[in-house]
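There are 2 protein chains.
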Amino acid sequence: MQITLEALRALVGSAHVLTGDDVTSRRVDWMTGAPCQAGAIVRPADTEQLAAVMQACHALKQPVVTHGGLTGLVHGAEASPAELVISLERMTAIEEIDQVGGTITVQAGAPLQRVQEAANEVGLQFPLDLGARGSCTIGGNIATNAGGVRVIRYGMMRQQVLGLEAVMADGRVVSSMNRMLKNNAGFDLKQLFIGSEGTLGIVTRAVLRLQPPTPSEQTALVACHSFDALTGLLSHMGKALGGGLGAFEVMWQNHYRLLTETLARHTPPIPPEHPFYVIIEALGNAENHHAEQFREALEQAFEHDLIVDAVIAQSSTQRDGLWAIREDIEGLVKGLAPVLTFDVSLPIADMQRYTDALEQQLVQRWPDGRLVVFGHLGDGNLHISVSVGSDAPEERHAVETLVYEPLKALGGSVSAEHGIGLEKRPWLSTCRSQAEIELMHTLKQAFDPHQLLNRGKILS
Amino acid sequence: MQITLEALRALVGSAHVLTGDDVTSRRVDWMTGAPCQAGAIVRPADTEQLAAVMQACHALKQPVVTHGGLTGLVHGAEASPAELVISLERMTAIEEIDQVGGTITVQAGAPLQRVQEAANEVGLQFPLDLGARGSCTIGGNIATNAGGVRVIRYGMMRQQVLGLEAVMADGRVVSSMNRMLKNNAGFDLKQLFIGSEGTLGIVTRAVLRLQPPTPSEQTALVACHSFDALTGLLSHMGKALGGGLGAFEVMWQNHYRLLTETLARHTPPIPPEHPFYVIIEALGNAENHHAEQFREALEQAFEHDLIVDAVIAQSSTQRDGLWAIREDIEGLVKGLAPVLTFDVSLPIADMQRYTDALEQQLVQRWPDGRLVVFGHLGDGNLHISVSVGSDAPEERHAVETLVYEPLKALGGSVSAEHGIGLEKRPWLSTCRSQAEIELMHTLKQAFDPHQLLNRGKILS
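These protein sequences, in sequence, are chains A and B.
All the letters of the first sequence, read from the start, carry residue numbers 1 to 460 under the UniProt record's numbering.
All the letters of the second sequence, read from the start, carry residue numbers 1 to 460 under the UniProt record's numbering.
Careful, some of the hints might be misleading.
Pair ranges (Cβ atoms, derived) [to be verified]:
1) A/Glu438 - B/His450: 12 to 22 Å
2) A/Asp46 - B/Thr262: 47 to 57 Å
3) B/Ala82 - A/Thr4: 34 to 44 Å
4) A/Ser433 - B/Glu95: 14 to 24 Å
5) A/Ser433 - B/Ala59: 18 to 28 Å
6) A/Lys408 - B/Gln300: 48 to 58 Å
7) A/Glu438 - B/Arg396: 39 to 49 Å
Some chain B residues close to chain A (C-beta under 8 Å, calculated; not the full set) [what the hints assert, rightly or not]:
8) Leu189
9) Ile348
10) Val414
Derived DSS-like pairs (lysine-lysine); straight-line CA-CA distance at most 27 Å [unchecked claim]:
11) B/Lys444 - B/Lys61
12) B/Lys408 - B/Lys444
13) A/Lys444 - B/Lys444
14) A/Lys444 - B/Lys61
15) B/Lys239 - A/Lys61
16) A/Lys444 - A/Lys408
17) B/Lys239 - A/Lys239
I should point out that these hints are in silico values taken from the structure, not numbers from a laboratory.
Cβ atoms here follow ideal geometry from the backbone N, Cα and C, with glycine treated the same way.
So that you can see chain A by itself, here it is in the shape it has in the complex:
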């Protein structure tokens, strides 16, 4: 490292400069459990300390990697011995809740679930939700523009952020802690820090929008006999629920069958013989009206031959049971080990052709190859899991080629919600033009000319 431990200790205190085992005992990759290799980990207490650390790093051209909850899936948290890790683990305060305005002001290290809980405590909700809610942080959610299961109703993290504060590569603090839904006074700078994976600045605080609660959650698992019925169902439910569709999570048969039949990890609420299964969730209030509206909408779907079987959850236990199938990533990983996982987006209308062709190409090359598909259909987002008996670099690259190359012609994306990090960097040009990548470099150059922030992530 260019910066000395003494210099860091002077800025944040000895207790907050970690070295040796305190560094390597941290896992930077959730899937592989790979240890942190950074030269040191520094834990600033607040924005001021973080700014001082970045000023010192800037003067010495010391590259840094920012750590949030370490739940990322694209190696965005990896750091070399020459790099300093900045961890936001001490900056977890929930600073303020404005019940009238419907906003919450938090430090970037606050875990998502704590923010959700704080909102609930005052009778509001923070609607972004994903499996890693207990560990992932608001700063990480912002840096990666997190998605999850409510995007179809509330949008991604970008839509939840009203204001934010960031520390730039040279230690300048840019504070745009706007609290209003509307603010068109000049460029909306916060957009630059959202989804750029910490490469343009380090998010330190944020103002998030809270939403009215939707205490009535109606949940069903339904089966469809064809892809056309599936997309017809998405359209029908959107209309019938009048904007109240909260989730539309599809499992291809290969996913549902693996978890309920092959691995028998869940009792199938519906027999596993249908091509597609969907968890549909409607969000509302006024329990009675809402339950009735939901049931009527499903009845209409039956009448129009859009669904062939359905169960409606009658309790939160039943609801949890339905979601458990969809969220059983552990089962998926075990059942397909060694598994290669992908997170892509593409126009919904092209999905069936895409997955059919992919499966065909996989088994052509690996006769025992297996493909499992589930995802946030309404968002155009599929999670694809592939098993070809090996996850060695060569196989991985061959499978990546099969998964990513066809997206080019479809206008799809190699990353729907996980980001680019290091893992998908070689594939960025599959879904971004030369002009787009040039413009990204222009921005990086303007904001971080010495490449100090998450060097090599997204862009090389």
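Please arrange chain B on chain A, whose structure you already have, making use of the hints.
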């Protein structure tokens, strides 16, 4: 101008290079009717022609001003004789609607209303809506991040844009025509062109998100006896409607009384004696359930002393009659002429103190001064109209000082939805820090180093 008419004619054809009366007959300001002063107006047929025009302008350092529907309110369309106006009036095509994915692909010159109608024709809706819908264009909506009356439910224009294409100052075309809700492949470049008022690039095409229709619109006009009741009502309706609150448009008594009593332009559906009036709109489907839910929510509001009077529209004519009061800008302008109008945002909880103090200061200085307030309360956005008997620069500046200065301490904004343009440029530093403005200059320098695009707008 640096560029010759011959050069322009060679690029787009003689018929599409306007000069003389064809230029001055255009009004660049909706309020004053000021004529266009540009050296010429050029009307490219498509992105390719526009890119060629910008390449030529770039080579000659010829500054340009982009024109959409000319409905802006902050002098963003003004051009000097040394400037070339680029009008997108020939680029109005609706290129494609994807019913399955719920997207519409349009050229930037398409009027908002045509896009709304095209969505309706396929059983979907494009939810952004504002009074200028017939004239304003999608490109203008994007460049100014337009707001309107549905922001509380669907967000501003930014939230409607999935993908876009822009021509840069040097003529490069950056195409990011993403069609999915989720795409985290690198920096989200389109955000830079949204809300930057044409200063970073010229938007040429866009992919917009469509929403399921909400055919049941329940509308009521209610009266509140205090500001606390008003904010309590906002919170109550948000919760009671389970996320279906579509509009929450407040009129201070001074607004309601002016239009219904003083000017008698509308029969008051409720007597004009209450301090606050609100148009509440709920969006949904399933007419019966929805009407019942709406009525119950209002009954609860009565029981909790949040409202003291109410009428629910029983027909679309009644609905239009309620909205007509709120949307009677013509009456407002006539009743207060010469009027000074403002578009600010601030935390909701601070609004009453802010408007009370403002009124007090106004009448202190101009004993006959009048203040009229209405706005999108749920968005933190107030439209303030002031009459002090003159709109001369000196009076305007004095009133601007009273309106804008207090926003600094409140974390408010001098522009909620109208933008900065030329009019509010002197006030940008009231609501943006030095660090923010520096970063805006950094971006402008990186994207348009010769200041060719809308020179002097937003930033000097």
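Status of the hints after comparison with the structure:
For the hinted restraint 12 to 22 Å between glutamate 438 of chain A and histidine 450 of chain B, the CB-CB distance of approximately 18 Å keeps it satisfied. Aspartate 46 of chain A and threonine 262 of chain B have their C-beta atoms about 54 Å apart, which keeps the hinted 47 to 57 Å range intact. Hint check: alanine 82 of chain B to threonine 4 of chain A, Cβ distance near 56 Å, so the stated range 34 to 44 Å is violated. Here the CB-CB span from serine 433 of chain A to glutamate 95 of chain B is close to 19 Å, well matched to the stated 14 to 24 Å.
A hinted range of 18 to 28 Å holds for the C-beta pair serine 433 of chain A and alanine 59 of chain B, which are about 23 Å apart. As the Cβ distance of lysine 408 of chain A to glutamine 300 of chain B is approximately 54 Å, the hint placing it in 48 to 58 Å holds. Remark: the range hint 39 to 49 Å for glutamate 438 of chain A to arginine 396 of chain B is upheld by a beta-carbon distance near 44 Å. The beta carbon of leucine 189 of chain B is positioned within 8 Å of a beta carbon in chain A (closest approach about 6 Å), and the interface hint is therefore held.
A distance limit of 8 Å between C-beta atoms decides the matter here; for isoleucine 348 of chain B the minimum to chain A is near 5 Å, and the interface restraint holds. Interface restraint check: valine 414 of chain B against chain A, minimum CB-CB distance 6 Å, threshold 8 Å, status holds. Simply put, lysine 444 of chain B and lysine 61 of chain B have alpha-carbon atoms about 15 Å apart, close enough for the 27 Å limit, and the pair holds. A threshold of 27 Å between alpha carbons decides the hint, and for lysine 408 of chain B with lysine 444 of chain B the separation of about 25 Å falls inside it, so the pair holds.
Simply put, lysine 444 of chain A and lysine 444 of chain B have alpha-carbon atoms about 14 Å apart, close enough for the 27 Å limit, and the pair holds. Simply put, lysine 444 of chain A and lysine 61 of chain B have alpha-carbon atoms about 26 Å apart, close enough for the 27 Å limit, and the pair holds. For the suggested pair lysine 239 of chain B and lysine 61 of chain A, the alpha carbons sit about 51 Å apart, so the restraint of at most 27 Å is broken. For the hint linking lysine 444 of chain A to lysine 408 of chain A, the alpha-carbon distance of about 25 Å falls within 27 Å, and the restraint holds.
Straight-line distance between C-alpha atoms of lysine 239 of chain B and lysine 239 of chain A comes to about 21 Å, which keeps the hinted pair within the 27 Å bound.
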